[in-house]
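**Q** Under the UniProt record's numbering, the first residue of the sequence shown is numbered 1, with each subsequent residue one higher.
Honestly, the hints are just simulated from the structure, not real lab data. Please note that the accuracy of each hint is not assured.
Mimicking PhoX-like on lysine-lysine, the simulated pairs with C-alpha atoms at most 20 Å apart in a straight line are [claimed, not checked]:
1. Lys-177 to Lys-313
2. Lys-363 to Lys-333
3. Lys-64 to Lys-101
4. Lys-553 to Lys-504
5. Lys-504 to Lys-705
6. Lys-68 to Lys-114
7. Lys-22 to Lys-736
8. Lys-705 to Lys-553
9. Lys-384 to Lys-595
10. Lys-526 to Lys-595
11. Lys-363 to Lys-264
12. Lys-114 to Lys-101
13. Lys-808 to Lys-736
14. Lys-177 to Lys-255
15. Lys-772 to Lys-675
16. Lys-595 to Lys-647
17. Lys-384 to Lys-675
18. Lys-438 to Lys-313
19. Lys-264 to Lys-299
20. Lys-526 to Lys-547
Pair by pair, the computed Cβ-Cβ distance ranges are [to be verified]:
21. Asn-649 to Asn-104: 41 to 51 Å
22. Gln-158 to Thr-331: 20 to 30 Å
23. Leu-102 to Asn-38: 55 to 65 Å
24. Ser-48 to Asp-768: 25 to 35 Å
25. Thr-743 to Ala-657: 17 to 27 Å
26. Thr-331 to Ser-182: 40 to 50 Å
27. Ser-48 to Glu-487: 33 to 43 Å
28. His-448 to Met-266: 44 to 54 Å
29. Asn-649 to Glu-152: 33 to 43 Å
30. Thr-257 to Lys-400: 44 to 54 Å
Glycine is no exception: its CB is placed at the ideal position from the N, C-alpha and C atoms.
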Amino acid sequence: MLLLCAIANAQNPVTITAAASKRPSQSGSEITKAFDGNLTTIYHSNWSLNAMPDTVDFYFVGVKSINKVDYTPRQSGPNGIWTTVDVYYATSDAPSVFVSKLSNISWAQNNTVKTIDMTASPIVRPYIVRFVIRAAGGNFSSCAEINFSSAETGPFVQPLDCDNPIAEDFTAYSDIKLGISSASVSPAANGGEDISRTYDNNTATLYHSSYAGGGFPMSLTYNFTANPTIDYISYVPRQDGGSNGIFGTGEIWYKTTTQTTLTKLMNFDTGFSSAAYQISFPTALTNVTQIVVKVLTGKNNFASCAEMQFYQKNSAGNLYTNIFADDLHTTLKPGITQTDIDAIASPFFKSLAQCIFNNSYNKKYRVQTYDFYPNPGTVEGILKTSGLNRVENPTGIAFKANTKAIVFVGDTYGVNPQLIIKDFGLDYSATTDSYPLKKGVNIVNVLHDGLAYIGYFSDSPNLQPVQINITTGQVNGYYNPLTDTNEQWTQMLLNGVYSKLDIKGTYVNLNLNKNILISNSASSGKALVVAYDTIVHNEYTLNGLTKYNRVPKNHMFFRSITGDGNPNAGGDGVNYPIGVGGDGSNLASPTGVFKDPWGIAHEFGHNNQVRPGARWIGMTEVTNNVNSAWIQYLYSTNYLNTTRLEKGNDVPKAGAASLYGGRYGSLFDNCLIQKKHMEAQGDVFVRLVPLWQLELYYQLAGASKNLPTMQQRLSGTPAPVGQPDVAFWYCDVLEKMRTTSQTGLNEGQLLLNFVSATCDAVHEDLTDFFVKSGYLLPIDLDIDDYSIKRLTITQAQIDALIAAVQAKGYPKPVSPVLNYISANTINTFKNLTPLATTAVATVGVTVNTNTLKSIIPNGPMQ
Numbered sequence: 001m002l003l004l005c006a007i008a009n010a011q012n013p014v015t016i017t018a019a020a021s022k023r024p025s026q027s028g029s030e031i032t033k034a035f036d037g038n039l040t041t042i043y044h045s046n047w048s049l050n051a052m053p054d055t056v057d058f059y060f061v062g063v064k065s066i067n068k069v070d071y072t073p074r075q076s077g078p079n080g081i082w083t084t085v086d087v088y089y090a091t092s093d094a095p096s097v098f099v100s101k102l103s104n105i106s107w108a109q110n111n112t113v114k115t116i117d118m119t120a121s122p123i124v125r126p127y128i129v130r131f132v133i134r135a136a137g138g139n140f141s142s143c144a145e146i147n148f149s150s151a152e153t154g155p156f157v158q159p160l161d162c163d164n165p166i167a168e169d170f171t172a173y174s175d176i177k178l179g180i181s182s183a184s185v186s187p188a189a190n191g192g193e194d195i196s197r198t199y200d201n202n203t204a205t206l207y208h209s210s211y212a213g214g215g216f217p218m219s220l221t222y223n224f225t226a227n228p229t230i231d232y233i234s235y236v237p238r239q240d241g242g243s244n245g246i247f248g249t250g251e252i253w254y255k256t257t258t259q260t261t262l263t264k265l266m267n268f269d270t271g272f273s274s275a276a277y278q279i280s281f282p283t284a285l286t287n288v289t290q291i292v293v294k295v296l297t298g299k300n301n302f303a304s305c306a307e308m309q310f311y312q313k314n315s316a317g318n319l320y321t322n323i324f325a326d327d328l329h330t331t332l333k334p335g336i337t338q339t340d341i342d343a344i345a346s347p348f349f350k351s352l353a354q355c356i357f358n359n360s361y362n363k364k365y366r367v368q369t370y371d372f373y374p375n376p377g378t379v380e381g382i383l384k385t386s387g388l389n390r391v392e393n394p395t396g397i398a399f400k401a402n403t404k405a406i407v408f409v410g411d412t413y414g415v416n417p418q419l420i421i422k423d424f425g426l427d428y429s430a431t432t433d434s435y436p437l438k439k440g441v442n443i444v445n446v447l448h449d450g451l452a453y454i455g456y457f458s459d460s461p462n463l464q465p466v467q468i469n470i471t472t473g474q475v476n477g478y479y480n481p482l483t484d485t486n487e488q489w490t491q492m493l494l495n496g497v498y499s500k501l502d503i504k505g506t507y508v509n510l511n512l513n514k515n516i517l518i519s520n521s522a523s524s525g526k527a528l529v530v531a532y533d534t535i536v537h538n539e540y541t542l543n544g545l546t547k548y549n550r551v552p553k554n555h556m557f558f559r560s561i562t563g564d565g566n567p568n569a570g571g572d573g574v575n576y577p578i579g580v581g582g583d584g585s586n587l588a589s590p591t592g593v594f595k596d597p598w599g600i601a602h603e604f605g606h607n608n609q610v611r612p613g614a615r616w617i618g619m620t621e622v623t624n625n626v627n628s629a630w631i632q633y634l635y636s637t638n639y640l641n642t643t644r645l646e647k648g649n650d651v652p653k654a655g656a657a658s659l660y661g662g663r664y665g666s667l668f669d670n671c672l673i674q675k676k677h678m679e680a681q682g683d684v685f686v687r688l689v690p691l692w693q694l695e696l697y698y699q700l701a702g703a704s705k706n707l708p709t710m711q712q713r714l715s716g717t718p719a720p721v722g723q724p725d726v727a728f729w730y731c732d733v734l735e736k737m738r739t740t741s742q743t744g745l746n747e748g749q750l751l752l753n754f755v756s757a758t759c760d761a762v763h764e765d766l767t768d769f770f771v772k773s774g775y776l777l778p779i780d781l782d783i784d785d786y787s788i789k790r791l792t793i794t795q796a797q798i799d800a801l802i803a804a805v806q807a808k809g810y811p812k813p814v815s816p817v818l819n820y821i822s823a824n825t826i827n828t829f830k831n832l833t834p835l836a837t838t839a840v841a842t843v844g845v846t847v848n849t850n851t852l853k854s855i856i857p858n859g860p861m862q
């Protein structure tokens, strides 16, 4: 009896998924410190604000019940110790309905642990446990640790919509992989990477052409002795993360027992995709003796292949067409009864039919129509950018390793879609597996955990969407703000199927940790998606994609990374660490995103950099910030129509004290006074200042000619008549870089080319501006910018450029002191406001009217 009582009263720790506090916290004392397992760290409200009443929410996923709470106050000092609290809760079944649990709990203001015992009436299936703190020491709010316990163990099991069994033998439904008797390649392969590696059943090995490069076409010849029938080839590119040699275009040639002369069958084009690619024959080839895969182009002038697999279609399996009304197996024929379903021999098809019969099959996610997207590499080549989404078409289905994905596919219109499974939960170590899909039933052996996507990429402009039914795996869901409700959003966060959630925006797709979404956007995801879409859309507008009708159908991509590290923009999108102990508020709440969007805009800016025309050596961390500064100016609630360049407390020159706008001072000191080339100094933010000044002058100050600003143009104000539309100057510069070749230009020529294009965009002679800003000065120096390249510009080149610009007859800018504009002086330039008669302080420098009179005789800041 004593043992039974002990078991009944055993307390099992309950994991807190996330937490949020209503009151601002003191920096370094965020609410996450209340459940970090460390009594020496604490949650504490902001030291300068009254925190009463405070509301603190603790979130749980999959917890069966809570019957005890232990609140441990700070271990020294009285401030913030909770003395009067109310407790509310919401369950996972009704996540938006709060129920009062306990009211007016009174605790002594001391450092002992305070316990709430709810053994007699536990909170069942909690989603949120809310503490409303109505009184606390010094009107602050603090907590060293809070611990929740339960008499139960393990998570409650989320019901599956349809758990179709996959243990049976599906061989009869799988296509037949054919054996290869021998193979050869011409020209010869690189030593140790011969063609035999393309049929050794090991994707970790590969064939690779000579490292000398070239030699196209490469002919990979495969011989068959069993005279098989072949319907298609599956080309598996290298799987080691490299890209050299991935096939682009090619041809298929063949011989048969009756056609002994090598004959061309078809062309193929993989789009240089790293995913497995199915080459479907127009008609099946019978009695085949030889297939030649003739590779015409390969990535970086090489050819490589992990596996080349030849298949014959198999139609032996019983698909129970007498039961299912369509080839996708999404509906039952009229009149089907329980007796008919009971008679199905296959456990899988029986279960599938039963789920459909019971109306428990989740067709929203399992049965979808997926649109095609242009090959991201092709689009990036046209835009001269990078980082477009490689995992379009989220399915909302999660798979476990060593299970089967059973997928029915409709007409593919000659394009081979892929089932892509990526384990984003592994963050930087995420595995990515791609499986070619064909029309009909596909039986896929899943290698790794992950979320599933349909890779349906093609450069054909008018492809029809493909219909797909994914019958296995678990529904994790993905959020679409156009179709999903707040309640559905919350249920996705709570389902416990996978640690991250896909979110589909208009311009960007997101993959974010559920715990930070629960902490920061628990009730709705709409405003969060709008925040990210707003940033990307504004970058597209700034960079000219909107003006020139180049906004891609493809999405950009952004994912959160668990833990610490630096955000980065990779070839497949933006990776943004949450930070150790961070709550992700800067990523997972619209308020947090817009508090200071510089970092997010910075990484998207990397992917949107037009290269090499606007990313010569030294500009990798500069022209991306042309976007960051613009987004920060427009939207940051922390900066209010200014940027870090104006508000940053920076050192203007060696030995000087830091001051606001110090990087302007550094620009003046290095380039205007010492006449150093801009890239002879290493501060990338100083390099940004002149480009930001051009944004201010032309996009916001109307070029001191009362021309429409960018916001006015976007709001419908007509373009100026007889003058360049300077509000879109940067659009025009980048469009020139996109549409003209920079092949053969060295780094110095790229810089000069940018200066010339900028003058052309605004029809003004900006050479004086670029001289004063340090870009149009002689230099011959190695620049370290993730790689080292030589930047050389001679005085002769500068003179030639100035002469070329002057020959076009462009006037100088209206303002001869354009180099002094900042976000603080836009109206001065826009309205031609006169200077005061005494010295005035501006962004880090002192401008004296007497000094400027030789430039501006009447003293206006023009």
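**Q** Now, for every hint given, state plainly whether the structure supports it.
**A** Right, here's what the structure says about each hint:
With a CA separation close to 9 Å, the supplied pair Lys-177 and Lys-313 stays within the 20 Å bound. At most 20 Å may separate the alpha-carbon atoms for a hinted pair to count; Lys-363 and Lys-333 meet this at roughly 17 Å. Note on Lys-64 and Lys-101: the hinted pairing holds, with a Cα-Cα distance of about 17 Å set against a maximum of 20 Å. Of the pairs offered as hints, the one joining Lys-553 and Lys-504 holds, with about 13 Å between alpha carbons and a cut-off of 20 Å not exceeded.
A distance of roughly 42 Å separates the Cα atoms of Lys-504 and Lys-705; the hinted pair therefore is violated under the 20 Å criterion. About 11 Å separates the Cα atoms of Lys-68 and Lys-114, which keeps this hinted pair within 20 Å; it holds. In summary, the hint linking Lys-22 to Lys-736 is not supported, as the alpha carbons are separated by about 49 Å, beyond the 20 Å threshold. The hinted pair formed by Lys-705 and Lys-553 fails the criterion: a straight-line CA distance of about 37 Å is larger than 20 Å.
A C-alpha spacing of about 31 Å is found between Lys-384 and Lys-595, which places the hinted pair above 20 Å, so the restraint is violated. Taking the CA atoms of Lys-526 and Lys-595, the gap is about 17 Å. The hint holds against a cut of 20 Å. For the hint pairing Lys-363 with Lys-264, the CA-to-CA distance comes to about 43 Å; that exceeds 20 Å, so the pair is violated. At most 20 Å may separate the alpha-carbon atoms for a hinted pair to count; Lys-114 and Lys-101 meet this at roughly 17 Å.
Between Lys-808 and Lys-736 the CA atoms are separated by roughly 17 Å; this keeps the pair inside 20 Å, and the hint holds. At most 20 Å may separate the alpha-carbon atoms for a hinted pair to count; Lys-177 and Lys-255 meet this at roughly 19 Å. A threshold of 20 Å between alpha carbons decides the hint, and for Lys-772 with Lys-675 the separation of about 8 Å falls inside it, so the pair holds. For a cut-off of 20 Å, the pair hint linking Lys-595 to Lys-647 stands: about 15 Å separates their Cα positions.
Of the pairs offered as hints, the one joining Lys-384 and Lys-675 is violated, with about 33 Å between alpha carbons and a cut-off of 20 Å exceeded. Among the hinted pairs, Lys-438 with Lys-313 is consistent with the structure: their alpha-carbon atoms are about 10 Å apart, no more than 20 Å. The suggested pairing of Lys-264 with Lys-299 is violated, with an alpha-carbon distance near 23 Å, which exceeds 20 Å. Using a Cα cut-off of 20 Å, the hinted pair Lys-526 and Lys-547 is violated, with the two alpha carbons roughly 27 Å apart.
In this structure the supplied range 41 to 51 Å holds for Asn-649 paired with Asn-104, their Cβ-Cβ distance being about 47 Å. Look at Gln-158 against Thr-331: about 26 Å separates their beta carbons, and that is inside 20 to 30 Å. In this structure the hint that Leu-102 and Asn-38 lie 55 to 65 Å apart at CB is violated, the actual value being about 27 Å. Checked against the given bound of 25 to 35 Å, the beta carbons of Ser-48 and Asp-768, roughly 48 Å apart, lie outside it.
Here the CB-CB span from Thr-743 to Ala-657 is close to 48 Å, at odds with the stated 17 to 27 Å. Take Thr-331 and Ser-182: their Cβ atoms lie about 48 Å apart, and the range 40 to 50 Å holds. For the pair Ser-48 and Glu-487, the beta carbons lie near 38 Å from each other, so the given range of 33 to 43 Å is met. Evaluation of the 44 to 54 Å hint for His-448 and Met-266 yields a failure: the beta carbon distance comes to about 33 Å.
Our hint of 33 to 43 Å for Asn-649 and Glu-152 is violated, since their Cβ atoms are close to 53 Å apart. Between Thr-257 and Lys-400 the C-beta distance comes to about 45 Å, which sits within the given range of 44 to 54 Å.
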